[in-house]
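The hints should help you fit chains L and B onto chain X, whose structure is shown.
Each chain, letter by letter, is given below.
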Amino acid sequence: MDPVSTLPKLLGLAWLLPLVSFTLIVFFGPRMGKSGSKAGYLATGAILASCVLSLFALFFVWLPGYGLPAPAHHQAAAESSHEAPAGTAHDAAPSVKAITGDWYTLGKFGSLRITIGYYIDSLTMLMFSMVTVIATCIHFYAYGYMHYELHEVVDHEVKLPNGQHLHRRGRFHRFFQYMSLFCFSMLGIVIAGNIAMVFVFWELVGICSYFLIGFYIERKSACVAANKAFIVNRVGDFGMIIGMMIFFGTLGTFAFGDIDTDGDGKPEPGLFSLVRSEENHHALATPDGMIKAAAAAEIGRGVVPTAEQIQAWREDISPGSPGRYAYWLLITAGLGIFCGCVGKSAQFPLHVWLPDAMEGPTPVSALVHSATMVAAGVYLVGRFYPMFAPEVLLVIAVIGCITLFVAATIAITATDIKRVLAYSTVSQLGYMMLALGVGGWAAGMFHLITHAFFKSLLFMCSGSVIHACHTNEMTKMGGLRKKMPWTAYTMLAGCLAIMGAGIPFSIGLSGHYSKDAILAQALSFKAGNPFYGWLFYVAAGGAAITAFYMFRLWFMTFAGTPRDHHIYEHAHESPKVMYYPLVMLSVFAVGIGWSVERFGIQPLLEQTRPAGILAMSNGVLMPDLVYPSEHASHLDEFHGPSTYVATATALCGFLLAVVFYGLRILDPNEVRNQFQLIYRFLIHKWYFDELYDAIFVQPLLFVARRVADFDKKVIDVFIDKLALVTRMVAGLDDLIDRYFVDGFVNSAAAGIYGVGTWFHGAETGKLRQYVMFIVIGTVALFVLISFYLNSTLAGF
Amino acid sequence: MESTYVTLLSLIVFLPTAGALALAFFPREKTDAMKTFSLVVTAVVFLLTVIMALPGQGGGWQFDAAVSEMQKVFSLDWIPSFNIRYFMGLDGISFPLLLLTTFITMLSMGASWPIQKHVKAYCILFLLLETGMLGVFLALDFFLFYVFWEVMLLPMYFLIGVWGGPRREYAAIKFFLYTLLGSVFMLIAILMLYFASDLKLLSDKQLVVANVVSSYVDQAAQAEQIAALRAQPQPIHTFNILALQQLGQHTDAFDTIILGKSLQWWAFLLLLLGFVIKVPSVPLHTWLPDAHVEAPTPISMILAGVLLKMGGYGIIRICYPICPHAGYDLAYFVCLLGVVSMVYGGFAALAQKDFKRLVAYSSVSHMGYVVLGIGVWSAVAGNQFNADAWKMGMNGAMFQMIAHGISSSGMFFMVGVIYDRVHHRNLDQFGGLFAKMPVYSGLAIGIFFAGLGLPGLCGFIGEVFVTLSVWNYSHALAVISASVVIITAAYILWTLQRVYLGPEYRGPHGDHLHPMTIRELAIVAPLLVFAIVFGVYPQAVFHYMTPSVDRTVDDLAAWTRMEATSSPSTADDAQEREASIAQQ
Amino acid sequence: MNLLTQPIGVSHYLIVGAFLFVTGVVCMATKRNALGVLMGIELVLNGANVNFVAFGSEYLRPDTLGIGLDGQLVALFVIVLAAAEAAVALAITLNFYNNHATVDVDQANELKG
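Keeping their order, the protein sequence lines are chains X, L and B. Under our numbering, the first residue of the first sequence carries the number 1, and numbering increases by one thereafter. Under our numbering, the first residue of the second sequence carries the number 1, and numbering increases by one thereafter. Under our numbering, the first residue of the third sequence carries the number 1, and numbering increases by one thereafter.
Isolated chain X, as found in the complex (with noise of 0.2 Å):
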């Protein structure tokens, strides 16, 4: 089967299956057998036909159409990306190109459109595959730990003000709607095509990732965690926005690859391809939009940006120029897309969501919280890979080192058996993230793969240990290895492969080789730049201290003697249905790290490594930052100290928990009480949620009661100080025109009838005294004539 033309349509296939499944049970999801069980089946039905399309897809097209991969060549490779000299050792296009095209478009403006597309190669294909594997282990998982949902449920968190629990309807099917909403919406980012499309995606397994951790929506501690997720991703997605304006603005365009779009023949270049161009032996270049962008004020006066004036101005990275301008877009796009990833994967500063995110029920933490939805932002840097900047890998990498400390140090007194696993997650997430940052892509790709499959497990096992006992405190715990072995056992697997163990150079858990190769990838990252240094060290200590609390979780658990007989007494192991999917993924934990031949996932990986990434490169605004070859770090000069480091430190950890929790030696709270400063911090989690509190969300409430409060003092009442002011000027203009105007008025015309009431009195009727006054008034006119009109007259 040509790969070309069948993988779209079955990964496709693949992921709508969810979709329908969504909205079957949107429509009759309570009428679907008894109060909604069939839903179950349903979902779990439809993404198992998904996990066959996609494994199908891998196994019968993939691998057929392009063959096994490549003999591993590490050392080879590494020699000789070793020797050439640094800027020249640019390595040619994998020979296996993404399958890209568009499926749908959501808009067309002029050149600019916005689509629905996708993007596959063999990082999609063992992603799809991954999710979906997972993904069906944990719905039917889910089907036996969500089985008191099929019943009315007494839900104990929630108090009335009456005194009794709440009761209420079971949400069965509700579940299975959003998980299969969210399976959608979690291959969507996989297969997408282009970063507009991730964003689509990136928002619906936000929102499902909000439904189901307010899945218990009569729990206020479920509603505000959902909450808290949702905005805490938002703030990420705000950079993401602005990354993508940037991309968008400057380049026109979201797509990953190259794909005909206008149907000409020639495909337009993509985002890849214009940031790191073929005839540039795609290594990393200013992409010719952002120099346009950045030159709009020379070309608004006139400079015509040809070919050769772009490559001026791109090569003049002096301060103040368009270069440098430019340069400073591409770093910053970068930086807002990852800042999506931050936001989504949890990492500092806004990992704050995730622990809290542990309110929904188990399966979901299992499936969005650990293995997939988190992993998502690890996925998108993985994917936007060739576009991100030196400067803003070593952002990306001191990010992930932060993350993985801090996390890391807070699990350690964490009590919440979830809590554990949630920040175990936050860390191991920021191991990837250190990874890609310090140039390993193929090493954080793998540790996400692995993780995966161990972290769905290790949530699985400790949802079955809540199941049994029906409380998350590890404290009220203990000795449960003999009531539920199948659980304590494939629980000790996940705990091996978290750890990492192995023996040096021959055979390990999946563990083991995922994370020896981000080891040795900082060791690598290193010697490049000793100033980096501390990336290593932090990192091998943090595995240090994965091991040490991943065990403490288990011997709280399942080792010694029980602290609390009543929950004791009650467990029992889980049904099959559960632990099945326990043992199929403990197979996974354990052997998926293994490369077979030529067979496995770094090789596989290696396959579509993106175009240039693995050349040397250097900062163009930090000269000194050097990314050697991911390859280098396979040789043994790095690998083999990395691999004792991490062998030794993992070790360390498991011997101090083993002699804290599990023989009991020493006694935690001894330890704890001498310090109880850092104690107490690590158990308020570092003060984050209260310095958020106090920075972010308490001014933005303030912000937005002076905001009501403008509108409400200051607009209305200037508005209604305005009508009113209207109404007295209206008032004082009737004052005005009845006294004033209308007074003047009134008083003209009084005088004039005074003063004809007044002539009035002359006319008395009688006919001698009208002869007088004529007589008089001639004299009077004669007299006056005469006397005053002399002149007058004489001149006459």
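Errors might be hidden in some of the hints.
Derived, one-sided and incomplete: chain X residues facing chain B with beta-carbon distance under 8 Å [to be verified]:
1) Thr-764
2) Gly-765
3) Lys-766
4) Val-771
5) Met-772
In case anyone wonders, no lab produced these hints; they're calculated from the structure. Owing to the predicted nature of the structure, the values given are computational and were not obtained by experimental measurement. Glycine included, C-beta positions come from ideal geometry on N, C-alpha and C.
Only chains L and B this time, still in chain X's reference frame:
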């Protein structure tokens, strides 16, 4: 040809008036019959517009989405001594809004069933209001436009002032005075433009484009008409909006200097003031929360769903094309208005305690996107006059108008549904509705998420397209507008939590929380369906609007290019340009 | 300037006219009988006539301009006018007498404002 269009458009506009007249003969006590009759009238008008929207060419009634120019144009004498004409037409900018108007009006008539007071007067005013709204979107004569604008105002005043809540008089008068102030500004601008206009400045082709000379007759007849026009000795003033657009873009008829600024600068400012009061933009928005809170539910739906859109429509149709130079100078001001409204409205919504007030402020915030999207004049010299981003912004703004029309009227209806049951709107006294009214809560959450801008629902497309288009115009505004997503998420989610989630209902009248009726379901379901359809398949809207919007933007971009290349200095050097005009 | 020593000239006529006029006016002002008033009017008119004739006469005023008969003509007019006026006035008086049985003008105060 022309007579068909006269019939069609007049039928659409005046059928509600005829209905209102017929209502006058209904006996007073037959309230249900009157409501049904009004609903039938609005439904018939809606059907007429739906027929126009159907693809195909049957009978010349269908709207041809591929045409970017005005279609279904007719022009009859009305008041010949002032050259005022009964002149109407449609294009991709007005047609989607026309559909939205008839659709929302029909639904809100359906939502009017709980009205019990003076039903006859209510129905009559309601139908008159519809005539006014439809007329505004169809009129192409500035005077006719103004008349419809005022016709719409008065019924609204009474509908709020008589059927509103406790503070209805205050709200109605506030609404009336604000809007009247706006229309007075508009009238001044209309007269300024009228007396500055002269049809003889236009070329023959422009006269035909502007439909001054009928395009339905053959060339000889056209030439005759043009010759007659040119023979007149004195300037021929006009109210023809299309002709004014041509005058603004191709001649310097509106460049006379008044008080240190050009005539079009003042006209633009006055028109803009009139329109942003309607939109409404901060700081001229305070009539909106009061009017919404006091207005009855169906009137709130109309107010948010249709009336606010007239402001945006006016800016797109009138402000920018007629006064391009002023638009260019003031583009940043317009964008700033939009961004300030977005941020301010969001913050204000976050602090509200009244459910309806919160939705009203969310309208202020969402309509800010419209103003912002229209204003992003990114086709400048530094960008080599590339208008693509601006097209995206303006299309996004138009889409946002439709999307907001759907989501906000839905939100108001949802508030109304719960208000009808428990008679309060205090956000702190809800909670737990999801358990009591699951269907209602599910639909409401869907509608509210459409307002939140969730992908797959209509709000997302408009908001994201507008936001993405801003970068090429101004980085600072782009960053601020992007930050609004956080505030929006905060206030909507917080509201949902306070109203729908939680263990139990905390307010009075808890026993009245019975499920939605069929009638209520029939009103909200279409809204949610359209919210989803437009969110998933935005081409359903873009298909109609993009050609016309793109043409508007292309015209303005062409104007910018001409302006920049014709004068030696850059186009934004306005003073020099004015000086040169003064010298002439 | 003694009038008595001078030859008869305009001044003398004027004196006569003035005397007649004043007599007429006094008659009008004092008489309550309507007929007396009418007589007064006649006197006034004729006083004026004397003046006209005196001014118009070429014997008395050699510097007279015009055709020479102006004064006489006006006097003739005045005489005719006086006749007509007398006729009308007598008719009014008769009517008044018919209505009020008196010719006392003080009784006729209906014009009082």
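Comparing the hints with the structure gives:
1. The beta carbon of Thr-764 (chain X) comes within 6 Å of a beta carbon in chain B, closer than 8 Å, and the hint placing it at the interface holds.
2. This hint holds: Gly-765 (chain X) has a C-beta 3 Å from the nearest C-beta of chain B, less than the 8 Å allowed.
3. With 8 Å as the threshold, the beta carbon of Lys-766 (chain X) comes within range of chain B, its nearest partner Cβ sitting at about 6 Å, so the hint holds.
4. The interface hint given for Val-771 (chain X) is met, as the beta carbon of that residue sits about 5 Å from the closest beta carbon of chain B, less than 8 Å.
5. About 5 Å separates the beta-carbon of Met-772 (chain X) from the nearest beta-carbon of chain B, less than 8 Å, and the hint is met.
Hint compliance for this structure: every hint is met.
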